[in-house]
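Both chains come to you apart, so use the hints to assemble them.
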Amino acid sequence: MARTARSWPAAWFLAPAVLLVGALVLYPIGQTVWWSFHDATGRGAVGGANYADVVTTPRIRQALFNNAVWILVAPNLVTAAGLLVAVLAQRVRRAAAVRVVLFMPMAISLVSAGITFRLVYDESPDRGVVNAVVVGVHDAFVPPAPYPGARARDGQGLVAGGGAVQTGRTVAAGETVLLPLLGLEPDRLPPTARPAPAPAPGAGIGGVVWSDFTAAGGRPGVIDPGELGLPQVEVEILRDGAVVARTRTAGDGTFRLPQLTGQGYVVRLTAANFTEPFAGLTWLGPALVTPAMIGVYIWVWAGFAMVLISVGSAAIPKETVEAARVDGAGDWQILRKVTVPLMRPVIVLVLLTLTVNVLKVFDLVLVVAPESAQGPASVLALEMWRSSFGDIGRASALGVLLLVLALPGVLFNVHRLRRSER
Amino acid sequence: MSLFAPISVPRLQPAGTEPDPRPRVHPLVRAARRAGRGAARVVLVVVGLWWLVPTVGLAVTSLRSPADNADTGWWTVLTAPTQLTLRNYEGVLADGRIGHALWNSVLISVPSTVLVVVIAAAAAYPLAWLDFPGRPVVTLVLAGLIAVPVQTAIIPDARLFRLLGVSGTIPAVVAFHVAFGLPFAIFLLRGFYAGVPADLIEAARMDGGGEAAIFLRVVLPPARPALASLAVFQFVWVWNDLVVALVLARSDSAPITSVLQEQMRSFPSNIDVIAPGALVSMAVPLAVFFLFQRYFLHSVLAGSVR
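If you read the protein sequences in the order shown, they are chains A and B. Quick note: the first sequence uses the working numbering, first residue 4, plus one each step. Quick note: the second sequence uses the working numbering, first residue 2, plus one each step.
Next up, chain B with everything else stripped away, as it sits in the complex (with noise of 0.2 Å):
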């Protein structure tokens, strides 16, 4: 079920009684009703609306050369649409700059999330289904680490990976990501995992298994849903990182928030840079809330106090 279908409102039916099919409203009251449904209309188109303009306008900058973007509106090619152009991304595409960040961006979420959901799955099996000392004291450790911010951490980080050698890498940045996303994931999926029937588990002890083989073969599959979810989520969240990234990447491995940002210091002379550039790496997260909306809201609820 997806949770973006109408929630129906309770009908009015008092208890014990049969079902009346046309409850006796007066008029005047089924009028103020249906004026207060048309009131409830118009706020939620003018809402919705002021939460698509912004995005609109963007796009529309983008197709616009920066003469006309100095001068006058997005909003004027309502009437003049031979503004619209494809030359700010011919520039951006030649240019190579946002085509580089893309491209780091793409190396820096993709092995954070596969790595994150890989260890996760691992660790949270034995959070949930074995005993073992120290247990409750891991537990309540990742539990509390869900809500740390980044900043507490993020400054001795950064000088372990200059003493590695490896300042300023995007293995070092993935790391981070990994370590980071690890407490919360391993929290979602061992809400999960607790959901397999303990007789299931049971079973597949009785007949000798493995922990290795029961983890693989009855505890994982049912998780698939929750794999998903936890690596869309993973995924939006590294993609949209700017602060592990101003911190531990350095140009040449810096992803495309970071790049963006450090257009912003020019803005708006580079409007033909930032506009084409900030849509492309939105375009990236929009894909994938619209492809698997599904996890991701899942994901997203699930993960509140982060």
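So here's chain A without its partners, still in its complex pose (with noise of 0.2 Å):
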């Protein structure tokens, strides 16, 4: 590069930009690092006592320890899913499509996307997405109880328990047992049920399990005209104790089981019968925002990684690989062996970029994490920000502290233009 010594043609391109960094990011970085070693006003000096603050505040070292976990698993994980599209995106047709979509998100707002994912995450399986899969593939596997929230009619002889609802009295051969139960929204009995039989007697013990709606002028513990039975209840029957026999009730929700004899028999409508739905799970509680929030990190910075891993990929030399194959590899042992390694470069600089990104992230919290989340969810620049108002002296200290932090990218910088000017 020829360069001629030219000063004062130097100084004129370079005054705006030389003025405005000087004095609205170096000046006031010096300033930042003098005020962490002073009190909420800036004024009297406390020594290092800001930052003894950071460790010794909960709320602080909770911010602290969730950056730690930030920082170690949301630009691996980043980075394996970039890798993984980048692979896959290789050995399929008309990949540009997912190539766009993934890294559409690099263009929106953190706020728009964590408004986005605050959505996403909705605890009511009617509302968010992800419960609602959650929910879906756990009922497929469990399937939900068929009366939650019913229960007995009191002063009708039956106890609940455990969850369950059984006679409170042992019954007798050729009983015919009546469990009327409430709680029941008409609309949410299901579609096949019919109108409750007369207790009609007959042989072992039998029993009628309705939906005891005294509402329109029924009478309690009594089966009127066009109250429903209820079908496919659980029913046990217990002697001494122990499981006996077991049935289902019929449409009408009567049931019988006519080999039973004698007495001292307990009738009882299982728990399984009336358990909550399972609701899925609490992303935005305590315990899984800073997951859920890493997932909504994945969902904005994977098409980055994917993009510079696709990039990185292809300037890797075709012959390197030709030669791998002629020898025998396998597509795997192409990836782990020769790509991996000669990519090596480009995935350290994803890694880096998102470490000192990761940093950022509190935009998110503010948005994703709801009011009473905000402490477990915290992070440093957001812990910052809540003292910039009232302690100067503190907010300066975790200030200096995420840009010790950023200091790998600084250096990383600063190394790769000394490299490039030899």
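Please keep in mind that the hints were generated in silico from the structure rather than gathered at the bench. Not one of these hints is a red herring.
So the derived label-pair ranges between C-beta atoms look like this: (1) B:Leu79 with A:Pro320: 45 to 51 Å; (2) A:Lys340 with B:Ser168: 56 to 62 Å; (3) A:Glu322 with B:Val43: 28 to 34 Å; (4) B:Leu94 with A:Pro194: 43 to 49 Å; (5) B:Gly210 with A:Leu414: 37 to 43 Å; (6) B:Val107 with A:Pro280: 45 to 51 Å; (7) B:Ser168 with A:Asp129: 43 to 49 Å; (8) A:Gly166 with B:Glu91: 45 to 51 Å; (9) A:Gly25 with B:Glu203: 31 to 37 Å; (10) B:Glu91 with A:Arg251: 49 to 55 Å; (11) A:Trp11 with B:Glu91: 58 to 64 Å; (12) A:Val329 with B:Val107: 56 to 62 Å.
Treat the numbers as computed from the prediction; the structure is a model and nothing was measured. The beta-carbon is built from N, C-alpha and C at its ideal position, and this holds for glycine as well.
Pasting the structure below:
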């Protein structure tokens, strides 16, 4: 590069940039470092007290811990996701669409991404996509209880225990037990439910389970015309505390076990009939909020990792890959032994970029975490913003801490410059 | 060349042999490869859907009444499309707060972008082509500043703006964005300027052109794509900023990101404001992304460690 010594023109070209950066970036950094050793007003010197605060204040310690989780987990997951998609997209035609779709979130703000995912993570499976899927999968394996929230009518000789409903006295063969239940909304009864018949005597032990609906003039504990029997209720018959028979009610709510003789039986409607349905996970509660936010972060940044890795892998000489293939290496071996080692610089660049960037996730915490989970979800940048209103000293210490955490990025850029100058 | 173009898989071709039109592959191996490709396609489709669904959900939510949104999931529109309504958008328009915030975002992003491009375009020239005392130091410091988080300077700057009497105003926010955008911008352009053939510049100097003329006639014209990349990047960056706006803007100068964040405190009761607001706020950078895909990609990749 041929450069000519021309100081005055250089000064003119550089002046606006140097003045702005000097006044609004460089000098303030010095000021922040200075303030970090001073009190809340920025006047009295307090030594390292602000830094000690970082370790001793529970809230900030939590933020420090969360930041460590973010830094250790998020960049690696994003890079892994990017690598996976980059590799898969190479084997498929028309993968360009996937690349565009994955890269798209890079253009939107973390605020918008956060709002988008606040809806996705909604706790109610009726509204939040994630819980709708989780509940759907769960219910496919464990069918939900048919009558959640139903309970026995009081004063009809039934007792509740451990979520089940059973007769308070023992019954003998030949009896037909009345099992009136409450708390069932008519529109939530299964469509197969038919009106419960009047109790009829028969062999063994029988019974009727029905929705004892008194609001429309029905009498409590009596099967009034039109009251519906409850189908598919799981019934257990016990004798001396051991289950001796099991059945389910028919469409009209009746059941009968003619093989039973003698007396001393207890009829029980099992707890499995009444358990509340599985409602998914509390994604934005204190326990899962950080993993949930890391999920959003992956959604935003995976495209970046993917594109950078794709570009990097395109730069690998074809001869190298071909030579490995001639030597009999399979796809997986080529990926592990040739592609990934050759792409190490690119992967390091991706990881470093993400590590520096992860320090700024403060927007996500503000938007995704509900008020109650902001403490457990907090990160240093958020604590710094909170402190900036009242305690300049502490806020400055947190700012310095962020700078220290970003130093690998700073040094990398300086190093890259030095290398390119050589 | 678009970086989104599919990258071809290297073909099997041992060095020093003629191309074999049909490489001998065991049928079982071929079947396994086809199955592998099928699996790859399935995974990619699932991944692609997972990347689209959240945004589609937000869009549909913004088109449903608050009552519907409180009762059922947005996916119920698949069976009941009559739920869709523009009323939320009408409400947001009539209310004006979101519109005002969007306008603030424009007033902050556009000047920040123009100023960064102009100032960096000038500053990068001497760093690439002129020799002057202190050049290595200036270059090194600027390189180091690229990765410095805004948090490290924002509190003193807030005080400085207060002393200057411009606290909370849009020019103050713009000034901060420009100052923090410059180091990266200068480096992006400096790298590009360096690609101009030295002979061209030497020739222009022989002809007696001043440095300003050389800069404007020789260095700047071929750098237009780099300037475009920088402009797109800086615009999206500033448009999406929250932290600077939260600290430096007042409520009447607050951009859309900060207003949406404020609104999130009463989520989900005001979903009829938040969903359309969020959608419009992301529509702007998304439009920029799709219109200038190549430039955006280039600058994002160049700006890695930032």
